[in-house]
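Q: Using the numbering used here, the letters of the sequence shown correspond one by one to residues 11 to 917.
No lab work stands behind these hints, which were simulated from the structure alone.
Note that the coordinates shown come from a computational prediction; the quantities given were computed from them, not determined experimentally.
Do not rely on the hints blindly, as some may be mistaken.
Said to hold, decoys possible - What follows is a list of derived Cβ distance ranges for each label pair:
| hint | residue 1 | residue 2 | range |
| --- | --- | --- | --- |
| 1 | 885 | 828 | 37 to 45 Å |
| 2 | 664 | 885 | 47 to 55 Å |
| 3 | 808 | 324 | 44 to 52 Å |
| 4 | 43 | 449 | 32 to 40 Å |
| 5 | 79 | 25 | 26 to 34 Å |
Just so it is clear, CB atoms sit at the ideal spot from N, CA and C, and this is done for glycine as well.
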Amino acid sequence: MGIRLGLSGDSQIIHDAQARLSDRLAWARVVRAKEIATAEQALADPSTYGVVVTGDASFGKSAVASVLLNDLEAVAYTVRLRSTIMGTETPYGALNVLLARLPEDAQDDPGTIMRGILQLLASDARGREAVMSLETSHNLDELSTATLVNVMVTGTAKLVIVADRASELPTDFHWMLSEERLREVPLAALDPEDTLTGVRELLGALVPQTVALQLHGLSRGNPQVLLLTVSELLQRGALTVADGVWTLPPDTDTSGIRQLDDLVRARFQRHPAQIQEIIEALACARRIPLVRLASTFRGEDLAQMERDGLLAIDEGGRQSVSLADALMGDVVRGWLSVPRRRELRALLMADGEPPLDTITNLELLGLAAWARECHALLPTGHAIAAAAESLRLYDAKFALECLDGVERDPSTWPTVQRLRARAFLVLQLPRQSLACLDQVSAAELDAEGPVEMATFVAIRAEALRWVPEGARATRDLLADVRGELLIRAGTGASSDAENARAAALLDLAEFEYWAFLGEFGRIVGRLEATVADPNPVDEETRLMAASILMEARTVLGREQEGLALLHELTAQINLGSGPLRMRRAFATRAFDVLLLNGHWRQALALLKAAPQWSPHYLSTSGASVELAVGLAYVYAGRGHEAIGSLLSATALFERTPASRWLGLACAATAFAYAQQGDTPSARKWLSRLEDCEPAAGYRTASYIDFCSAMARRWIGEPHAAAMLVESAREDIAHGRWNPAGIKLVGATVEGSEDDLRLLEDVCAHRQGPLAEIGERLARGTRTGSLDDLAAAADLAASLELDALESRCAAVALDVAHEINEVVVARFMQARLDTLAGRVVILPVVPSRAPRVLTQREREVAALAAMGESNRRIAEDLGLSVRTVEGHLYQVFSKLAVSTRTELAEFL
11 MGIRLGLSGD
21 SQIIHDAQAR
31 LSDRLAWARV
41 VRAKEIATAE
51 QALADPSTYG
61 VVVTGDASFG
71 KSAVASVLLN
81 DLEAVAYTVR
91 LRSTIMGTET
101 PYGALNVLLA
111 RLPEDAQDDP
121 GTIMRGILQL
131 LASDARGREA
141 VMSLETSHNL
151 DELSTATLVN
161 VMVTGTAKLV
171 IVADRASELP
181 TDFHWMLSEE
191 RLREVPLAAL
201 DPEDTLTGVR
211 ELLGALVPQT
221 VALQLHGLSR
231 GNPQVLLLTV
241 SELLQRGALT
251 VADGVWTLPP
261 DTDTSGIRQL
271 DDLVRARFQR
281 HPAQIQEIIE
291 ALACARRIPL
301 VRLASTFRGE
311 DLAQMERDGL
321 LAIDEGGRQS
331 VSLADALMGD
341 VVRGWLSVPR
351 RRELRALLMA
361 DGEPPLDTIT
371 NLELLGLAAW
381 ARECHALLPT
391 GHAIAAAAES
401 LRLYDAKFAL
411 ECLDGVERDP
421 STWPTVQRLR
431 ARAFLVLQLP
441 RQSLACLDQV
451 SAAELDAEGP
461 VEMATFVAIR
471 AEALRWVPEG
481 ARATRDLLAD
491 VRGELLIRAG
501 TGASSDAENA
511 RAAALLDLAE
521 FEYWAFLGEF
531 GRIVGRLEAT
541 VADPNPVDEE
551 TRLMAASILM
561 EARTVLGREQ
571 EGLALLHELT
581 AQINLGSGPL
591 RMRRAFATRA
601 FDVLLLNGHW
611 RQALALLKAA
621 PQWSPHYLST
631 SGASVELAVG
641 LAYVYAGRGH
651 EAIGSLLSAT
661 ALFERTPASR
671 WLGLACAATA
681 FAYAQQGDTP
691 SARKWLSRLE
701 DCEPAAGYRT
711 ASYIDFCSAM
721 ARRWIGEPHA
731 AAMLVESARE
741 DIAHGRWNPA
751 GIKLVGATVE
761 GSEDDLRLLE
771 DVCAHRQGPL
781 AEIGERLARG
791 TRTGSLDDLA
801 AAADLAASLE
811 LDALESRCAA
821 VALDVAHEIN
831 EVVVARFMQA
841 RLDTLAGRVV
851 ILPVVPSRAP
861 RVLTQREREV
871 AALAAMGESN
881 RRIAEDLGLS
891 VRTVEGHLYQ
901 VFSKLAVSTR
911 TELAEFL
């Protein structure tokens, strides 16, 4: 008898995940659930002959077919067929498992054999339906094909056929497909949501969305590759778990995965040598113009590759070519030595690097990567262009690689260092950014035009904001450069248009500086004028200023105007393209505007925008997105939904050298646990917050102050309310009416008369539903106005702010009891009862109200209100009649009703 050694929590999670990795069919059931359901529905249709499961190699077709037959074995007779290696040269090759069981006198001729097989299947099925699966269907010989057609047409058995493409099936099957007697079930690459579901099922515990999407990018959505990748990364220790949260280094790749290498090598070696060389060349180049490829390799070989589905050709005017299977390119590229890569580069680039105006951005990036892999240097112009495009795609690390080795040239050095500094800012490394800028001499900077100089200084100003001693230096820097540019403008050395654009860039840098400090009142007037200018000197700068303005309006209490501007900008800014800074600035500020307006669901939808989850963005900012998701949920009072994202964020931040938001993640996590009534966990995360570096900037500091104080408020710390009031008064002093109002809503739970009056006054300076909720809640609590409290609860419900709605309802319930408003009391009690399943800990517990209904009491009450008898309720819920009677007694007592009719009216 074996003894199982006890494992720690994280070790057990890894052990269980490794066990699940070995079950190929269980994996198929998860990631191909939709396709399996479609196939099962088709097989159940009496009009069909079967299904054809199609898809690229390694997409799991055989596993899907196996699952289908396994599921049918309990109700049907199943047979698994497979063509022989000799394929079409072997008569009845696919049916040899059946042919071997026929007596010799049943094998005299094709007709006898066909009847014998039909009779054998019918005999074995014993009245049940028969289903056969067939793999290697492209190798069917004519006699197997004819027999299988007869098997299907006579209804003797249905078929589950596996094929790469439906067009590869024998011609006799085509009419069945066209008439949908055979239903095709295509398997495509997994989408990110399918990968997320599959990985979470496979690994168990808590899988951050960031980690799942990293794995999706590594596997290119190929489920078999995904399984192999997870298995290998687990063995390497790259994919690991800490405190129940899976983590994966952002720079993880698939190089060196033996099983994946074997998979690709088997496919690669099927092709002749001349096609293998083209595959190698395309693997290195990633993407290349068709005309260049055709001038190097034989046209017939390229045509054969296209017929075999190996090439992906952009049908635009330039016709760029890449490998259809990007994963094959990744693996093949890893095989090649540096000399071989250089040899292929010399073959395709015999005349040197193509001019920039003759290649696309994707071709340029491929060229840059190829040069890096050959240990070669790109021309400076190509390196600068590739770095700029990499930054547009959030790939800051590759931008730095593109610029590595670029020699100092006074005409290009400021641009090179500016791009390097921007890349380090994306990587949250402001000191390294400043170091890059410091390497540009005063003479080199003076030689720059006014726009280039202003851009250079704006990047320096942004980097300075993130270092402790940078605040004063930023203001001095901007003032000095303004003066210098004014002097230049007076000399006539540059055009008025250039001078105006440089001034606009410096204005924007100043706006960003004051917004970073939370001093929106200083700049809102100038922002309004900039955005309203009918003839802006630079549209990108205007849009950046407009993004700041929408946040300024919201923070200063003009929430509705901020939302209106957000909607205008959404139509003007494409998050899928455009400059990196503009997209990130808009997305970040739009999230704040939505959240501060109570529109947390829209904030979550914004976070799910496709560009935010690109692989390169995930590698640098994935943890920040996880944090934002959790923050939206805790602001909505849904701590139980926030915990997963917040724990993921903290785990990822702790593995990142530059984690300026770790403190906010700790504060938000403490708040989420407090909302669930988990005081020890809340205190643990508040303690961890104390070890974090102080927040840089008003935005982060404000979120931390609110979340940490609310966590303390929720778990009953006596000074938490005073902390919130003090923070709110600081906001009031700077005209920040919106955050002041939000903090006072938290501070006035069982608050004083003065605090409630302060909340009313603050909300009078604001706009929108959150302001009205705060004003009505304060006035209703202070004066006992049921109309105000009910209206506040309705508004909170419209925003799905469950905790706030429950607070309004609880206060209204107490007031209703005090003035003997029975109907209102019942209504508010019902409201609290409904919210009980979503709000674990009520922010305000009604002093005179009965306890809310339990889940079972709600189920019994709902059925009783529909007129069901006690016996029927007992049968439906699997209870005894006496238990149902006991539940109804509690329901009637808690809701103060005496009949089922009153209960129905109440509900």
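Q: Does each hint hold? Answer for all of them.
A: Structure-based check of each hint:
| no. | hint | in the structure |
| --- | --- | --- |
| 1 | 885 to 828: 37 to 45 Å | 42 Å, holds |
| 2 | 664 to 885: 47 to 55 Å | 53 Å, holds |
| 3 | 808 to 324: 44 to 52 Å | 47 Å, holds |
| 4 | 43 to 449: 32 to 40 Å | 55 Å, violated |
| 5 | 79 to 25: 26 to 34 Å | 31 Å, holds |
In summary, the structure is inconsistent with hint 4 from the numbered list given earlier, while agreeing with all the others.
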